[in-house]
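Work the whole structure out from these sequences, hints included.
Take a look at the letters that make up each chain.
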Amino acid sequence: MERRTFNKLLGASLTTLAAPAIIRPAFAADPLKVGFIYVGPVEDFGWTHQHDLARKDLEAELGDKIKTTYVESVKEGADAERVIAELANKGHGLIYTTSFGFMNPTLKVAKRFPKVKFEHATGYKRAENVATYNIRFYEGRYIQGVIAGKMSKSGIVGYIGSVPIPEVIMGMNAFILGMHSVNPKGRIKAVFINSWYDPGKEADAAKALIDQGADLMAQHTDSTAPLQVAEQRGIQGFGQATDMIKAAPKAQLTSSTDHWLPYYIERTKAVIDGTWKSQDTWGGLASGMLKMADYTNMPDDVAALAKQTEADIASGKIVIFKGPIKDQSGAVKVADGSTLDDASIAGMNWLAEGVDGNLPK
Amino acid sequence: MINILLSIMTASTPLLLAATGELVAEKSGVLNLGLEGMMLVGAVIGFAATVHTGSASLGVLAAVLAGIAMSLVFAFLSLTLMANQVATGLALTIFGTGLSALMGAGYVGTALQPLPKLTLPGLSDLPVLGPLLFHQDALIYGSFILLIAVAWFLYRSHAGLVLRAIGDSHDAAHAIGYPVIAIRYAATAFGGGMAGLAGAYMSLVYSPSWSENMTAGRGWIALALVVFATWRPGWLLLGAYLFGGIMYMSLYIQGLGVNLPSQFISSLPYLATIVVLVMISRDRLRIRLNAPACLGRPFFAAG
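From first to last, the protein sequence lines are chains V and E.
All the letters of the first sequence, read from the start, carry residue numbers 1 to 361 under our numbering.
All the letters of the second sequence, read from the start, carry residue numbers 1 to 303 under our numbering.
Keep in mind that a hint or two might mislead.
The following residues of chain E were derived to be distant from chain V, with all beta-carbon distances above 12 Å [what the hints assert, rightly or not]:
1. 112
2. 186
3. 205
4. 295
Sample of chain V residues at the chain E side, in silico, Cβ under 7 Å [unchecked claim]:
5. 41
6. 192
7. 203
8. 205
9. 211
10. 212
11. 225
12. 243
13. 245
14. 247
15. 250
16. 358
17. 360
Keep in mind the hints are simulated off the structure, nothing from the lab.
Please read all numbers here as calculations on a predicted model, not as lab measurements.
Here a beta-carbon is modelled for each residue, glycine too, at the ideal position from N, C-alpha and C.
Here's what the structure looks like:
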């Protein structure tokens, strides 16, 4: 080991040892300090915005039992590790890291601070003091698909994907399954723009898809640009992560919105009560973590069908990934009568029949 | 088909606007690599001004002024204090990226209605040509008018001749008695104003919203375009539309289901930039005929 690396490690471990020893007694009667790490700005009106809303409500809910801190626009990677460690060092007892790319940094820091509890959103690696949590976004996509099946005249939906990862793929597949439940001929035209947030590119992609005959727009990217293009071109579409009705009052049909508050309350209380354990949570419509924005700009019977679908998914009457499901090549991926387990859904790497798009081989 | 062409026009216009401004600056011998930074500041100021005043025209005006202000910072450092132009330009881009993110923090997620399209009664209803030529927003018309004006200015007017002379040999121009620094200041300011305008086009028309780093490298492509066009306005138009077309078509091709990895398609515009630049640089004579000989060189009035 190089001397410099060694010194750094020594320094780090000294602070690790010293910090809790000195700070703990002073904070014993004080509120639990809860930290949040965000990948975007709190005003992105999408992913980070929803996390921050939940943070504010959490503070209101638990009052003086907790004190929250947040750090926004943290780059995924080495910088994240530094920021997470800093929060842990400052005496935070619970830290939420809210982006997939914070997975490895969270685990690294968690190792150095065994007494601090960590909660990592959308990841799959856990540890003694690292729990993971996510929302079953695909349930909302299925409802969108049902609406699309009713509303699309051309039967072609333009779908703007960010990056071809399971999270995005399962959404596309759930969407087409929902669409096929009412219109077996429906198709998705999928485009990946390889970015989560690039309004210029998202707008270009939306235009390209509309020019190719799509008359509805779905997106798995975070800006309002695609819906705005839909509004300009006189077609409709679905929002993402947050209610985007203000950006597209005539175009938005509904939006799957994230609600992290119930989870944050439950887990923060668990830390206060000392009952916190590392676990994996994947909540959907039933848990209240996923909610649909108002069903707008559609006939009453379609809105009623959407509401019914929503209730049936929540009650378990509709199981989304239930066979028979074929992939793009026509090969059976889920046999008739069987359903996919969570692990297979979480690792989904094939596009279902009816999706026109390519995954990198 | 018409819609495709319309989308390409929208994708090309910011490139054309920014490159036209940079062309004038470079013709006077000033290499301003701060294009991206100036565009970003123009985009955020234009957006903020439109949100607060409710007037897109004021927003565009504010964006142009913001671009000019940024370019004057550059001009002061590189022309008056004679700092290295390449380093100063890079610093301006980094500064502009940070500054625009800071100023725009409160505007992320705010949505605006796009600029209204101008309609010419009768002409706009023509089939094909109507929507293409006579039903666009003011800035698209502006980009053509400005390019023609710049071409006329550079090659048909006396002032343009002086500007080119300064770009080719500042010592000779100085000896004849032309105010080298003053004219370079003006050319740089024009470039800044055009970059601000290009930024406003991004945040008011292209995707009417503000997000950090929303120009996403278009400033650099515009810079490359000036070289691609070998400093000639006609080629600039061709280049801007070629790149705008590739940027848009790369997404269009994906939608058609062409069996190529999306990551590869996303990199097409940048690959095209490199390929074209390599091809251009093979023809040394054309570059030597058109490139300003004093490009990027500091001027010091020795006597």
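Quick rundown of the hints versus the structure:
1. At roughly 9 Å, the least C-beta separation between residue 112(E) and chain V is not larger than 12 Å, which violates its mark as non-interface.
2. At roughly 31 Å from the closest C-beta of chain V, the C-beta of residue 186(E) stays outside 12 Å, upholding its exclusion from the interface.
3. Not every CB of chain V lies more than 12 Å from the CB of residue 205(E), the least distance being 10 Å, so the non-interface label is violated.
4. The claim that residue 295(E) lies off the interface holds: its Cβ sits roughly 30 Å from the closest Cβ of chain V, which is beyond the 12 Å cut-off.
5. For residue 41(V), the suggested interface contact is upheld, since its CB lies about 5 Å from the closest CB of chain E, less than 7 Å.
6. Interface hint at residue 192(V): satisfied, since its Cβ lies 4 Å from the closest Cβ of chain E, which is below the 7 Å cut-off.
7. With 7 Å as the threshold, the beta carbon of residue 203(V) comes within range of chain E, its nearest partner Cβ sitting at about 4 Å, so the hint holds.
8. Restraint check, residue 205(V) versus chain E: the minimum CB separation of about 5 Å is within 7 Å; hint holds.
9. At a threshold of 7 Å, the smallest CB-CB gap from residue 211(V) to chain E is about 5 Å, leaving the interface hint in force.
10. A hinted interface residue such as residue 212(V) counts as satisfied when its beta carbon comes closer than 7 Å to some beta carbon of chain E; here the least separation is about 5 Å, so the hint holds.
11. With 7 Å as the threshold, the beta carbon of residue 225(V) comes within range of chain E, its nearest partner Cβ sitting at about 4 Å, so the hint holds.
12. Residue-level restraint check for residue 243(V) is violated (minimum Cβ-Cβ distance to chain E is 12 Å; threshold 7 Å).
13. The beta carbon of residue 245(V) comes no nearer than 10 Å to any beta carbon in chain E, farther than 7 Å, and the hint placing it at the interface is violated.
14. Here the hint on residue 247(V) is kept, as its CB sits about 4 Å from the closest CB of chain E, short of 7 Å.
15. With 7 Å as the threshold, the beta carbon of residue 250(V) stays out of range of chain E, its nearest partner Cβ sitting at about 12 Å, so the hint is violated.
16. Among the interface hints, the one on residue 358(V) holds; its C-beta lies about 6 Å from the nearest C-beta in chain E, closer than the 7 Å criterion.
17. A distance limit of 7 Å between C-beta atoms decides the matter here; for residue 360(V) the minimum to chain E is near 4 Å, and the interface restraint holds.
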